[in-house]
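Asker: Work out the full structure: start from the sequences and follow the hints.
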Amino acid sequence: MGTVSPDPGASRSGPCGGDFPLPRILRVAGPLVETEHRGATAMNDLVLLGRAAVPGEVVSVRNDVVTIQAYEYTGGLVPGDPARPLGEPLSARLGPGLLGGVFDGLLRPLSEGGERLGAGSFGGRSAERGRPFTPAVSAGARIGEGAAVGEVRTGGPVRAQVLVPPGRGGVVEWVAKEGVYAQDTAVARVGGHEVRITDSWPVRRPRPVRERVDDPEPLNTGQRAIDLLFPVARGGTVAVPGGFGTGKTVLLQQIAKWSDADVIVYVGCGERGNEMADVISDFAELEDPRTGGRLADRTVTVANTSNMPMMAREASIHTGATVAEYFRDMGLHVVLIADSTSRWAEALREFASRTGALPAEEGYPAGLASEIAAFYERAGSVITLGGTRGSVTVIGAVSPPGGDMTEPVTAHTERFVRCRWSLDRDLAYARHYPAISWAGSFSRDAVSVGAHRRASGDPAWAERRSRIALLLAEADRLADLVDLVGITALPAQERISVLAGRLVREGVLQQSALSPRDAHCGADRTAALADAVLAVVERCRALVASGVPVETVEEADFGPVLRAREQTGPLDAAAVPELRDVVLSGLGEPR
Amino acid sequence: MSATVWGDIEFTAVRELRGPLAVVDGVSGVGWDEFARITLPSGERRHGLVLEVDRDLVLVQILEDTWGMDPDGLRVAFAGEPLHIPVGSGWLGRVCNGRGDPIDGGPPVFGRARAPVGGTPLNPLHRQPPSEPVLTGVGAVDALTTLVRGQKLPVFSAAGLPHLELAAQIAAQSTAGGEAFSVVFAGMGLTHPEAAFVRDALDERSAAGELVLLLNTADDPVIERLLTPRIALTVAEDLAFTGGRHVLVVMTDMTSYAEALREVSAERGEIPARRAYPGYLYSDLASLYERCGRIRGRPGSVTVLPVLTMPAYDITHPVPDLTGYITEGQIVLSRRTHALGVHPPVDALSSLSRLMRRGAGPGRTRADHLPVAAQLLASLARARQVRELADLVGEDALSQADRGYLAFDEAFLRDFVDQPRDRMRRLEDTLERAWRVLLTLPRSQLTMLPDELLDARGAREDPAAGGVREAGG
Numbered sequence: 001m002g003t004v005s006p007d008p009g010a011s012r013s014g015p016c017g018g019d020f021p022l023p024r025i026l027r028v029a030g031p032l033v034e035t036e037h038r039g040a041t042a043m044n045d046l047v048l049l050g051r052a053a054v055p056g057e058v059v060s061v062r063n064d065v066v067t068i069q070a071y072e073y074t075g076g077l078v079p080g081d082p083a084r085p086l087g088e089p090l091s092a093r094l095g096p097g098l099l100g101g102v103f104d105g106l107l108r109p110l111s112e113g114g115e116r117l118g119a120g121s122f123g124g125r126s127a128e129r130g131r132p133f134t135p136a137v138s139a140g141a142r143i144g145e146g147a148a149v150g151e152v153r154t155g156g157p158v159r160a161q162v163l164v165p166p167g168r169g170g171v172v173e174w175v176a177k178e179g180v181y182a183q184d185t186a187v188a189r190v191g192g193h194e195v196r197i198t199d200s201w202p203v204r205r206p207r208p209v210r211e212r213v214d215d216p217e218p219l220n221t222g223q224r225a226i227d228l229l230f231p232v233a234r235g236g237t238v239a240v241p242g243g244f245g246t247g248k249t250v251l252l253q254q255i256a257k258w259s260d261a262d263v264i265v266y267v268g269c270g271e272r273g274n275e276m277a278d279v280i281s282d283f284a285e286l287e288d289p290r291t292g293g294r295l296a297d298r299t300v301t302v303a304n305t306s307n308m309p310m311m312a313r314e315a316s317i318h319t320g321a322t323v324a325e326y327f328r329d330m331g332l333h334v335v336l337i338a339d340s341t342s343r344w345a346e347a348l349r350e351f352a353s354r355t356g357a358l359p360a361e362e363g364y365p366a367g368l369a370s371e372i373a374a375f376y377e378r379a380g381s382v383i384t385l386g387g388t389r390g391s392v393t394v395i396g397a398v399s400p401p402g403g404d405m406t407e408p409v410t411a412h413t414e415r416f417v418r419c420r421w422s423l424d425r426d427l428a429y430a431r432h433y434p435a436i437s438w439a440g441s442f443s444r445d446a447v448s449v450g451a452h453r454r455a456s457g458d459p460a461w462a463e464r465r466s467r468i469a470l471l472l473a474e475a476d477r478l479a480d481l482v483d484l485v486g487i488t489a490l491p492a493q494e495r496i497s498v499l500a501g502r503l504v505r506e507g508v509l510q511q512s513a514l515s516p517r518d519a520h521c522g523a524d525r526t527a528a529l530a531d532a533v534l535a536v537v538e539r540c541r542a543l544v545a546s547g548v549p550v551e552t553v554e555e556a557d558f559g560p561v562l563r564a565r566e567q568t569g570p571l572d573a574a575a576v577p578e579l580r581d582v583v584l585s586g587l588g589e590p591r
Numbered sequence: 001m002s003a004t005v006w007g008d009i010e011f012t013a014v015r016e017l018r019g020p021l022a023v024v025d026g027v028s029g030v031g032w033d034e035f036a037r038i039t040l041p042s043g044e045r046r047h048g049l050v051l052e053v054d055r056d057l058v059l060v061q062i063l064e065d066t067w068g069m070d071p072d073g074l075r076v077a078f079a080g081e082p083l084h085i086p087v088g089s090g091w092l093g094r095v096c097n098g099r100g101d102p103i104d105g106g107p108p109v110f111g112r113a114r115a116p117v118g119g120t121p122l123n124p125l126h127r128q129p130p131s132e133p134v135l136t137g138v139g140a141v142d143a144l145t146t147l148v149r150g151q152k153l154p155v156f157s158a159a160g161l162p163h164l165e166l167a168a169q170i171a172a173q174s175t176a177g178g179e180a181f182s183v184v185f186a187g188m189g190l191t192h193p194e195a196a197f198v199r200d201a202l203d204e205r206s207a208a209g210e211l212v213l214l215l216n217t218a219d220d221p222v223i224e225r226l227l228t229p230r231i232a233l234t235v236a237e238d239l240a241f242t243g244g245r246h247v248l249v250v251m252t253d254m255t256s257y258a259e260a261l262r263e264v265s266a267e268r269g270e271i272p273a274r275r276a277y278p279g280y281l282y283s284d285l286a287s288l289y290e291r292c293g294r295i296r297g298r299p300g301s302v303t304v305l306p307v308l309t310m311p312a313y314d315i316t317h318p319v320p321d322l323t324g325y326i327t328e329g330q331i332v333l334s335r336r337t338h339a340l341g342v343h344p345p346v347d348a349l350s351s352l353s354r355l356m357r358r359g360a361g362p363g364r365t366r367a368d369h370l371p372v373a374a375q376l377l378a379s380l381a382r383a384r385q386v387r388e389l390a391d392l393v394g395e396d397a398l399s400q401a402d403r404g405y406l407a408f409d410e411a412f413l414r415d416f417v418d419q420p421r422d423r424m425r426r427l428e429d430t431l432e433r434a435w436r437v438l439l440t441l442p443r444s445q446l447t448m449l450p451d452e453l454l455d456a457r458g459a460r461e462d463p464a465a466g467g468v469r470e471a472g473g
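Just so you know, the sequences run in chain order A and B. So that you can map any letter, position 570 of the first sequence is 570 in this note's numbering, and since no number is skipped, the others follow by simple counting. So that you can map any letter, position 179 of the second sequence is 179 in this note's numbering, and since no number is skipped, the others follow by simple counting.
Treat the hints as calculated values from the structure; they're not laboratory data. Given the structure is predicted, the values throughout are model-derived calculations rather than measurements. Accuracy of the hints is not assured; some may be wrong.
Now the stretches of chain B that chain A is said to cover, found in silico as 3 or more residues with beta-carbon under 8 Å [said to hold, decoys possible]:
no.: 1; segment: 42-55
no.: 2; segment: 124-138
no.: 3; segment: 249-261
no.: 4; segment: 280-293
no.: 5; segment: 325-333
Backbone N, C-alpha and C fix where the C-beta goes; we use that ideal spot for every residue, glycine too.
Answerer: What follows is the structure, given as structure tokens:
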């Protein structure tokens, strides 16, 4: 297989075991390595470089020279050293054992990597635990590609299936009995091919599906600002642009922890090591509110921190997408989170620059836009080859340099995504978290999600969303005026609009990632909190219209509604109306 | 670098000299990133790093620059490995130049082991999340942007602001709760008076054997600066993770460092990104800053405090911007506060320590630390709004409560932030001052502090209930 883990399969003779001598290294400049071309080398094939067997991938073949991007430190590679083409593209080893694990950009388990990650860190091969397998078919049955031959129990709630690989299928000649098997074991023979628990797939090739479908069912992220205003449908795509200090990573971690997906693939791409350590230990400790298991049991973490080799950062995005598709093909709903795609784009730029490619905007290669588009295109809601429904939702952070939203990565990304959750520096500065800007964000899924909510027990969803959005826009418009002329110069109804903006911001949108009761919020409770604020605002308007002085209304105690998000449990929607009624009765009836 | 074993062969076919770069022809057996030694006819020796090997050509970046070099007569030897330096406690108390050669009149630094200056990435699984404070003795920093062991927290400054004084003060005063503590101070592009100031300010720490000082001055070779922080971090990693010390690495000025990087990149003809800095500036800075941290199962920590000047006070400039994306917060210095004569001129509202929550509070600093800090910042934000309003409508038009905020702001700067440059402030003193400043506000304005604390401190009730403006209006 073309995986770079020290798989015995990787060293089978391959094309280099033939009669011709191994190609030699010609040039080394950081991650760029050129070798001789001695045939039998295809684009994107893996090559092991030098005596240290540094893995690299073929990125161009020109005349007699092969250009390779190396995935590890190339120090000490000398012109004349041998290069060994493996004859296969970079692939990921896909198995149920990925769940709960932490991997580098090439999907090598970091638990085997030792304290420091240098050349040859992944030399050893750990003993793999066996896993309980239960067959789902019997010998003699005829099954097609993507069908399940059985199920493997994982450490957590995820029911992992062993699937007939794409392109295979036929009569089940043999299937293993229920029992515990190591991950590499073949558990069935279908149409003349063995089906193993662990499969391998080239990371740059999307896994095939039967068809793509529209699924209006929303992903419940547990974050009110998103679920209420800018929802994303399962299989959708989201860009999260935000300058440093706007809380991007915290927001993505919240989604990783609390969204109602079956599997989370979290790709830390060129980000902070301490943060990565934090998120890994959080996943291990936190309980999944829906299953009671550990969050880690439904999570695959790909960690390529900013000081790890740059080109593995480039691969990590594709590796993550491949893992997400693998679980999707079992009929699961997967969320792929990439933090940050800007660091991935920088790796593309770095390498393009070393190969001397003509730069387009800001030094990025001309292919940047299509690379970004291709990545987000791996999202989608599908009918799998096996005929079940599954989805991959892609959420990518973008780190615009200097907060400049016109820079190439941000500008191209927002063309290809269905939602944008922009993080606003002013909101973060005012300690309004999550700092999702209502003016700068959009969701193209809002209409279909609204229709779906209407059909599934929340008929008021779309109206609630537009009323809240209207209140925020109105309050924003008036805020500038208030700064100039003071609040007392405004007419009474407009003063209520200013008050309403504050109630929505503080009572609904703000949500503390640190709060045990409010770190996530069920859909019902989100609706209840928004409805409570809307009812209070309605009452305030009626009071003022009936002649109650606006100052009296402004000075009323809105505390119970503002504190409702802290005083009720994350899924406790039923307690909210009570708090609303306390405020309403404090306000009194209109005259 | 005495421990480097040089190859037997010396190569003499130097084809090209340009800026800090040399191209050597007819070379074999030399790998990328090797350390090189160039011998001039006069016997003078310079050093370099291999930037590229292409068949029998080798591109060498010369640390001491190519000034006065004649391609004829040069002899180039290679080490067969990347640059290694000796590591160990022998560095403590020493003063060296930016390449690690002593300038204190002492012998070369020896160590019990050698380590490559580039470092090796730490496996994220082996990182221990930071959780204990480094107390700097600078009140505004300790209270509002607590530095945590294993954190990277930069100081963003501008020309004319006393960032070097602040850095030196932090380096001189910092402690880690009585555990072994050392400072590695890497100065890059410092002027001679600045270098002298740093030596002077850190004299006591140096005499106590708790300081490693690396000084690259403005007239030293520019390219040498690329090495200075790497040597500092390599020495620090060993002192921390082998020696079990808590090590604070101060690196100043990172803007000078980034300029050296840009210079080499331009000479190599690389495609420039923002403001002509190379596209890999982020990764290069990360390869430095990310060397901070703690390791599971090992004592010690490396805390990194990079100091940088924002050209034209522009926080979107690539150096502060990319630094901010990598580091865990920032301490921003303010021109306005400096103009008021307050030292250190920390802009508390723009400053942030992302790890503070982990390093401060009960059992770490003091039980009331986090709510006090949160309340100070919230009140300060309000005070700033009031200040803007006062500029528009005049102070007389403000409500009584708002005027209270102006007084709070004044007390905050004078009584809390302002601190003599050579005086350490204990945390107890810092937090007591914080309370004193907070209690200038009436109780109704201190909503982030729990009632028990307010009762214990005797917070006063509102003088007059009326006239309180709607907050957030």
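Asker: Compare the structure with each hint and give your call.
Answerer: How the hints compare with the structure:
1. 42-55: Our answer is that it holds, as 5 residues pass the Cβ test (under 8 Å) against chain A, meeting three.
2. 124-138: holds (count 7)
3. 249-261: violated (count 0)
4. 280-293: holds (count 9)
5. 325-333: Answer holds; 5 residues pass the 8 Å Cβ test.
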